[in-house]
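Last residue of the sequence shown: number 359 in the UniProt record's numbering, and the count goes up by one each step with no gaps.
Heads up, some of the hints might be wrong.
[As the list claims (entries may be wrong)] Per label pair, the in silico range of CB-to-CB distance:
hint, residue 1, residue 2, range
1, Glu6, Asp96, 21 to 27 Å
2, Glu47, Glu248, 39 to 45 Å
3, Lys169, Glu357, 38 to 44 Å
4, Glu248, Lys65, 35 to 41 Å
5, Glu6, Phe87, 19 to 25 Å
6, Asp240, Asp27, 46 to 52 Å
7, Phe356, Ser94, 25 to 31 Å
Just so you know, these hints were derived from the structure itself, not from any lab.
C-beta: ideal position from N, C-alpha, C; glycine also.
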Amino acid sequence: MLITEEKTALKNKFKAQVTLKFSGNLDEIKQLLLLLVEEKLDFNTLEGKITAVVPLNKLRKLILKWPDIFGMESDRLKEILQENSVFFTGAGFSFDITTQPLIYSIVNVTPDSFYDGGVNNDLKTVLKKIELEQEAGATFFELGGKSSKPNFVDISAEEEWQRIAPYIKEIKRVFPDVILALDSNTDSVVERALSAGVQIINDIDGFVSEQKLRAVSEYKPAVVTMFNGRNNLEKTQHFDEYLKKYFEKAIVRLTDCGLKTSNIVLDPGVGFSKTNVFEFDLLKVKVLRSLVELGLPLMVAISRKSFMSKLFNLKENERLLPTLLFESQMVQQGGRLLRVHDVKETKEMLDIYKLFEEF
Numbered sequence: 001m002l003i004t005e006e007k008t009a010l011k012n013k014f015k016a017q018v019t020l021k022f023s024g025n026l027d028e029i030k031q032l033l034l035l036l037v038e039e040k041l042d043f044n045t046l047e048g049k050i051t052a053v054v055p056l057n058k059l060r061k062l063i064l065k066w067p068d069i070f071g072m073e074s075d076r077l078k079e080i081l082q083e084n085s086v087f088f089t090g091a092g093f094s095f096d097i098t099t100q101p102l103i104y105s106i107v108n109v110t111p112d113s114f115y116d117g118g119v120n121n122d123l124k125t126v127l128k129k130i131e132l133e134q135e136a137g138a139t140f141f142e143l144g145g146k147s148s149k150p151n152f153v154d155i156s157a158e159e160e161w162q163r164i165a166p167y168i169k170e171i172k173r174v175f176p177d178v179i180l181a182l183d184s185n186t187d188s189v190v191e192r193a194l195s196a197g198v199q200i201i202n203d204i205d206g207f208v209s210e211q212k213l214r215a216v217s218e219y220k221p222a223v224v225t226m227f228n229g230r231n232n233l234e235k236t237q238h239f240d241e242y243l244k245k246y247f248e249k250a251i252v253r254l255t256d257c258g259l260k261t262s263n264i265v266l267d268p269g270v271g272f273s274k275t276n277v278f279e280f281d282l283l284k285v286k287v288l289r290s291l292v293e294l295g296l297p298l299m300v301a302i303s304r305k306s307f308m309s310k311l312f313n314l315k316e317n318e319r320l321l322p323t324l325l326f327e328s329q330m331v332q333q334g335g336r337l338l339r340v341h342d343v344k345e346t347k348e349m350l351d352i353y354k355l356f357e358e359f
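Given only the sequences and the hints, what does the whole structure look like? Please build it.
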């Protein structure tokens with residue numbers, strides 16, 4: 001049987017469905033029709049050919065059932081599934097995130113972070129947090145040693161390192177299989193963290209320094225590269241195209257260091273703006289629908305951020321509901337890594353999302 005994929009003008013792997021065309025002899029077509037009906041798939045027939053819209057979760061089922069019906073596996077269906085899947089990979093981990101969003105827990109060990117400053121102030125508290133949040137559904141844990149909130153006061157590289165170093169060591173000892181990330185834009189801190197076994201680096205400055213790029217070349221970590229509106233031009237006109245071009249250059253920088261595209265996560269940088277005008281934050285919330293065309297993992301990093309205060313006059317501890325609503329919208333647009341303060345509630349939201357997607 002001949003199988004082809006009908007390509008669309010908009011490349012959106014996160015739509016998580018493909019349009020397939022099948023042609024074969026009469027017996028093959030009859031068998032295929034029975035299979036499509038059994039799987040409740042939408043299809044039409046024309047001149048002995050079948051066109052079907054197949055969600056990727058159903059495509060996996062077709063691949064499994066194919067040998068029993070047609071006597072052999074379908075390498076072409078496997079190729080199509082692989083071509084339309086998005087993976088996030090790094091040292092010791094690989095996740096198919098095409099249809100499965102993952103939770104990325106924020107672990108700030110700072111006295112001045114905007115929401116949880118001073119909360120995670122000792123090893124025992126942090127280790128218990130990781131234990132509970134693993135059970136609640138978190139996959140990644142990101143340490144932060146300094147605040148990047150609006151108008152933050154910077155600290156020295158040594159002070160930042162001394163804040164996080166004991167936590168890296170103890171987390172690695174107690175939870176050797178944990179996937180550990182670091183939120184830092186400090187060159188020497190990034191290098192020392194990678195040497196200590198941190199697997200993911202989240203840089204709010206987007207890996208533009210030569211020292212950081214050398215560290216990426218040496219250690220080949222997974223990375224989160226962000227558009228920081230505090231350092232770059234922001235304009236509302238044609239923002240989607242502007243941001244895509246920005247990230248295309250970032251991808252080239254990082255792949256030139258030896259990273260695979262599956263190692264690179266894109267973050268539009270909600271909350272990072274020179275003007276502190278909420279319109280830019282809303283543009284960044286909506287821009288994921290364009291960034292999906294790049295085919296890379298996309299981060300949703302809006303947890304309890306200050307633009308919700310501008311919109312709704314809410315304090316940090318009142319922003320959970322709008323956080324979850326905005327996150328659900330960004331997941332529908334293709335966001336797959338959710339960087340959050342509230343793991344349990346985020347997992348509940350994702351369970352509801354999955355229920356509706358698969359029903």
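A quick look at each hint next to the structure:
Between glutamate 6 and aspartate 96 the beta carbons are some 23 Å apart, a value that agrees with the proposed interval 21 to 27 Å. The hint said 39 to 45 Å for the Cβ distance between glutamate 47 and glutamate 248, and at roughly 41 Å that hint holds. Remark: the range hint 38 to 44 Å for lysine 169 to glutamate 357 is upheld by a beta-carbon distance near 40 Å. The hinted range of 35 to 41 Å is satisfied by glutamate 248 and lysine 65, whose Cβ atoms lie roughly 39 Å apart.
Checked against the given bound of 19 to 25 Å, the beta carbons of glutamate 6 and phenylalanine 87, roughly 23 Å apart, stay inside it. Distance hint for aspartate 240 and aspartate 27: a CB-CB separation of about 48 Å, consistent with the stated range 46 to 52 Å. Separated by about 27 Å at the C-beta atoms, phenylalanine 356 and serine 94 satisfy the suggested range of 25 to 31 Å.
Hint check: no violations occur; every hint is consistent with the structure.
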